[in-house]
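S.K.: Spelled out, the chains give:
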Amino acid sequence: MAAIEMVGKRKNNNLWLGVVGACVLFFLTLPTLIVIPMSFSGASYLEFPPESWSFRWYESYFGSSEWMKATRTSLLVAFLTTIIATPLGFLAAYGLTFTSARVRNASQLLVVVPILVPVILIAIGVFHLYAKLGLNYTITGLVIAHTALAVPFVIITVLAGLKNYDFNQELAARSLGASRPRALLTITLPQVKFSIQTGALLAFITSLDEVVVSMFVSGGENATITRRMFNSLRDQLDPTISAISTCLIFVSISALVTVYIFNRNQKNKEQL
Amino acid sequence: MEIAAKTQLEGINSKALAKGRRKEGRLFFNLALPSLIIIMIVVFIPVFWLSSLSFFDRAGDLSWVNYDRIFQGQLYIKTFIVTLKISFIVLFFCILLGYPLCYWLSQLPDRIAGILIVFVLLPFWTSVLVRTYAWLVILQRNGIINDTLISIGWIDEPLQLAHNLTGTVIGMVHILLPFFILPLFASMRSIDTNFIRAAISLGSTPRGAFWRIFFIMSLPGFFAGTVLVFILALGTYVTPALLGGGKIQMLAQRIDSTIMLYSNWGAASALGVVLLILAFATIWVFNRAFGIDKLFMR
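Protein chains in written order, with the working numbering: chain A, 1 to 272; chain B, 273 to 570.
Just chain A, with the same shape it has in the complex (with noise of 0.2 Å):
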């Protein structure tokens, strides 16, 4: 019977943990999926839910130069970040695999630092820097920001990839007569391929909504769209802001699903 009681008991704590926890997952999800069905909103302000729908924001957002600019700003320079990012990470963390165990702690400790130091110290710091260097207002200038900014997350992705694969194999290619670059690129990195995936997804969308260091380093002709938003965001709720969150968050979904796939392809391949 207290077995039975017991049992019960669990169950109802169970739902009541069940409840919570789906609120908490509620809350993080919905705020922002609210912003899609506004950019829809056919009203010239804010109203939820909108009386009535048009492309309006839409076509203010792509009818506008300025914003355009902005737009092919910020994919440039996340593109271009993405591809210095992605391989240098990758063969910072593939080294470190093989350095002593001290090396390796020392150096995950400096590659956290980008994440943890407040990005305003660096943003203040970088626009100094650059001013003597004439990088401010420049895509090079952004690109190099961005691409410290983004690389400590490919090394943590492919790091924590390496983790679990066995350097046994690159070993046994190279004693098959591989050279260490042919085994490297044939035999480690198709296996650790979704963690570079993952790595070069994040590296892309650190640079695209990467606000604070562009707000100081980008500018002119050369501002990304975060850059824009922020200052707009400020003044007033322009409407055209949720037309553009919305493809902000469509680039997010994707990239995500991107991901699932990938993962999902790569569990399949380890099943067979």
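Simulated from the structure, these hints should not be mistaken for laboratory data.
Be aware that a few hints might be false.
As the list claims (entries may be wrong) - If you anchor each label on the Cβ, the simulated ranges turn out as follows:
(1) B:Phe-487 with A:Thr-97: 29 to 39 Å
(2) A:Arg-182 with B:Leu-533: 54 to 64 Å
(3) B:Ile-427 with A:Ser-52: 48 to 58 Å
(4) B:Ile-427 with A:Phe-55: 27 to 37 Å
(5) B:Gly-386 with A:Arg-182: 27 to 37 Å
(6) B:Ile-309 with A:Ser-52: 54 to 64 Å
(7) A:Asn-265 with B:Ile-427: 21 to 31 Å
(8) A:Ser-179 with B:Ile-387: 42 to 52 Å
Unchecked claim - Coverage of chain A stretches by chain B, computed from C-beta distances (three or more under 8 Å per stretch; other residues unrestricted):
(9) 102-115
(10) 123-134
(11) 164-170
(12) 208-216
(13) 224-237
(14) 251-263
As the list claims (entries may be wrong) - These stretches of chain A come out as covered by chain B in the derived footprint (C-beta under 8 Å, 3 or more residues):
(15) 33-45
(16) 81-91
(17) 146-160
Cβ atoms here follow ideal geometry from the backbone N, Cα and C, with glycine treated the same way.
Take the given structure of chain A and dock chain B to it, following the hints.
M.R.: Chain B alone, transformed into the frame defined by chain A:
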């Protein structure tokens, strides 16, 4: 098999092999250099340079004048207090919301938990600006919450939810919660539930088993999440700037305005140094207790 290989190595020419391994380690460290150098150039050098400014007065002589000023100025003291207050409130809510969620997820079958964690990852991967904008829309005077509450007759006047402390805290909790959940969830998942069964079979109450076994074993992830949330909260710039409506000035904004409005680099730099010390003291304390590698659990 590993042990056998090891004895064999030690048997034949262990010294030469160890030397070879060390040499290889040094060689492979070079692969990490490009990444480390770019981090040095963008993060370490600028931040060190910025910090060094705080030790000089306007004439360029070494002095403590900047620190004297920030610790005597009412405005700066107020900023410190507000920053710490908000960071602790945000941390409190992250624990309050994050711990039950992680516990619930860790009790679910892997497949379902794997699907539900997407709802944590989605906001994590979404722009901070977009999320702050969403909260502005929801919390403003004629936003969704006020409209709903008025239409069902709970309130007559719209509540002041945005452009103040409430809005700032809600926005920050929303942005920092995934940083608490992800390490804690990873930590809880690695707990072997047989320990709890064993405790109960040995006469512990379920509640006792939870606190004395499960909670203690989840602490590494709990503390990793705590450090991340607290440090990121201390340095937050975007959310209070937009949801605080100019009334909430946290350290990061104070540093910004001290330079951009008053071009007082010395004072801004001193504020930055205090912010860095607060952040690294937090890491240091937790590192002493739990090891920095816990931060790598993602």
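S.K.: Okay, the stretch 146-160 of chain A and chain B, do three or more residues pass the C-beta test at under 8 Å?
M.R.: Holds: 10 residues of the stretch 146-160 of chain A have a Cβ under 8 Å from chain B.
S.K.: Taking a Cβ-Cβ distance under 8 Å as contact, does the stretch 81-91 of chain A have three or more residues in contact with chain B?
M.R.: holds (count 3)
S.K.: Assuming the hint says 27 to 37 Å, is it satisfied by the Cβ distance from B:Ile-427 to A:Phe-55 or not?
M.R.: holds, 35 Å
S.K.: Can the stretch 224-237 of chain A be counted as covered by chain B under the rule of three residues or more with Cβ-Cβ separation shorter than 8 Å?
M.R.: holds (count 6)
S.K.: Cβ-Cβ distance between B:Phe-487 and A:Thr-97: within 29 to 39 Å?
M.R.: holds, 34 Å
S.K.: Test coverage of the stretch 164-170 of chain A by chain B using CB-CB distances below 8 Å; three residues minimum.
M.R.: Since 0 is below three, the answer is violated.
S.K.: Taking the CB of B:Gly-386 and the CB of A:Arg-182, does the distance hold inside 27 to 37 Å?
M.R.: Holds: the Cβ-Cβ distance is about 36 Å, inside 27 to 37 Å.
S.K.: Are three or more residues of the stretch 102-115 of chain A within 8 Å, CB to CB, of chain B?
M.R.: holds (count 10)
S.K.: Does the hinted range 54 to 64 Å hold for B:Ile-309 and A:Ser-52 at CB?
M.R.: This hint holds: roughly 55 Å between Cβ atoms.
S.K.: Are at least 3 residues of the stretch 208-216 of chain A within less than 8 Å of chain B when you compare beta carbons?
M.R.: Since three or more residues must qualify, the claim that chain B covers the stretch 208-216 of chain A holds, with 4 doing so at under 8 Å.
S.K.: Between the stretch 123-134 of chain A and chain B, are there enough contacts, at least three residues with CB-CB distance under 8 Å, for the coverage claim to hold?
M.R.: Coverage by chain B holds here, the residue count being 5 at a Cβ distance below 8 Å.
S.K.: Look at the Cβ atoms of A:Asn-265 and B:Ile-427 and judge whether their distance stays inside 21 to 31 Å.
M.R.: Violated, since A:Asn-265 and B:Ile-427 (Cβ atoms, about 51 Å apart) do not stay within the stated range.
The structure is inconsistent with the numbered hints 3, 7 and 11, although it conforms to all the rest.
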